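Number of protein chains: 2
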Amino acid sequence: MDQAILRAARDLLVERGYSGTSIEAIARRAKVAKTSIYRRWKRRDDLLFRAAFAFDRGDPKGSGSFADRINHSVRLTARELRSPIARSALPGLVEACLRVDDPLPLGRIAEIEIASIGERLNESSSRKLTTKQARDEAALVYDLYHGVVIMRLLRGERLSAAFVKRTLEIIFDGVLK
Amino acid sequence: MDQAILRAARDLLVERGYSGTSIEAIARRAKVAKTSIYRRWKRRDDLLFRAAFAFDRGDPKGSGSFADRINHSVRLTARELRSPIARSALPGLVEACLRVDDPLPLGRIAEIEIASIGERLNESSSRKLTTKQARDEAALVYDLYHGVVIMRLLRGERLSAAFVKRTLEIIFDGVLK
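Protein chains in written order, with the working numbering: chain Y, 1 to 177; chain C, 1001 to 1177.
Check before you lean on any hint, since a few could be wrong.
Said to hold, decoys possible - Covered stretches of chain C, as calculated for chain Y (at least 3 residues, CB under 8 Å):
#1 1089-1097
#2 1100-1113
#3 1123-1135
#4 1150-1158
Bear in mind the hints are in silico, worked out from the structure with no lab data behind them.
Given the structure is predicted, the values throughout are model-derived calculations rather than measurements.
For glycine and all other residues, C-beta sits at the position ideal for the given N, C-alpha and C.
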């Protein structure tokens, strides 16, 4: 049922954008009761965020090194944010994140990936990092590669293979020394 | 008169957000005719973008080196994006940038700053860069420092002095070698 709900949310996001995608409309499209949706996702923002960025966030194949992990994440982020769903949902997600009273828990979602980057960073870095240093550095890496992809989209510039390659080089050179 | 218009636009952005700030309302608030606004800004998006990011984008004091320039820009970007105006306008600006039929000319506005970064990069880099290489590298630098600040805001994380310092280090280490 989760899959049917997410699929309905994705279709509606593309058709109507973030503000036009209500829980009511999702329930109708997915042919489930509204209560079934609320049982699984307490807030509309959480469901829409998950629907817009539903690609497998699992770990990459390979050695599981810092380089593998970042390589995987940068490519995934570029792919996700280029999708019609993300383009349609992004303004609403930005608004939900900046809401002062009840912000989108992007922080919490991001923290899982940041922790995973931090672990690998600690194994790969030639510096000896404290837990806090590794976490701060991983958060910066996370923000750098998500941010650079968002800026490309906003400036209407292509996410070329050369761009991805150079972004990875700068992050590796700047972070791993 | 330009200043009165921009001030009215800024006040309305904070009060009503992007979608609520019409040219009509700006004209009323600034006590000017709508035609006076359209003479100066052909599109509402252009005016609102300029109003939201109106800080002096001029060159930094100092030697005018690549490091000075980026230092100046990162701090300015952090200050701008933290302001209540930017927070209020950001979702609407993102939407305007992603519009397929008539996108916000962020690309054109950014190009001026990218050109300035590119010039200084060519003087500071130990590599010999072609014009195209310098431009591409400058665009990546531009996207990195704007993007990382935006991601911090979206995750609700503080823009600390340590964060700014480390961002600058990574950009310098990764780019200038």
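Structure-based check of all given hints:
{"no.": "1", "hint": "1089-1097", "result": "holds (count 6)"}
{"no.": "2", "hint": "1100-1113", "result": "holds (count 4)"}
{"no.": "3", "hint": "1123-1135", "result": "violated (count 0)"}
{"no.": "4", "hint": "1150-1158", "result": "holds (count 8)"}
Hint check: a violation occurs at hint 3 only; the rest are consistent with the structure.
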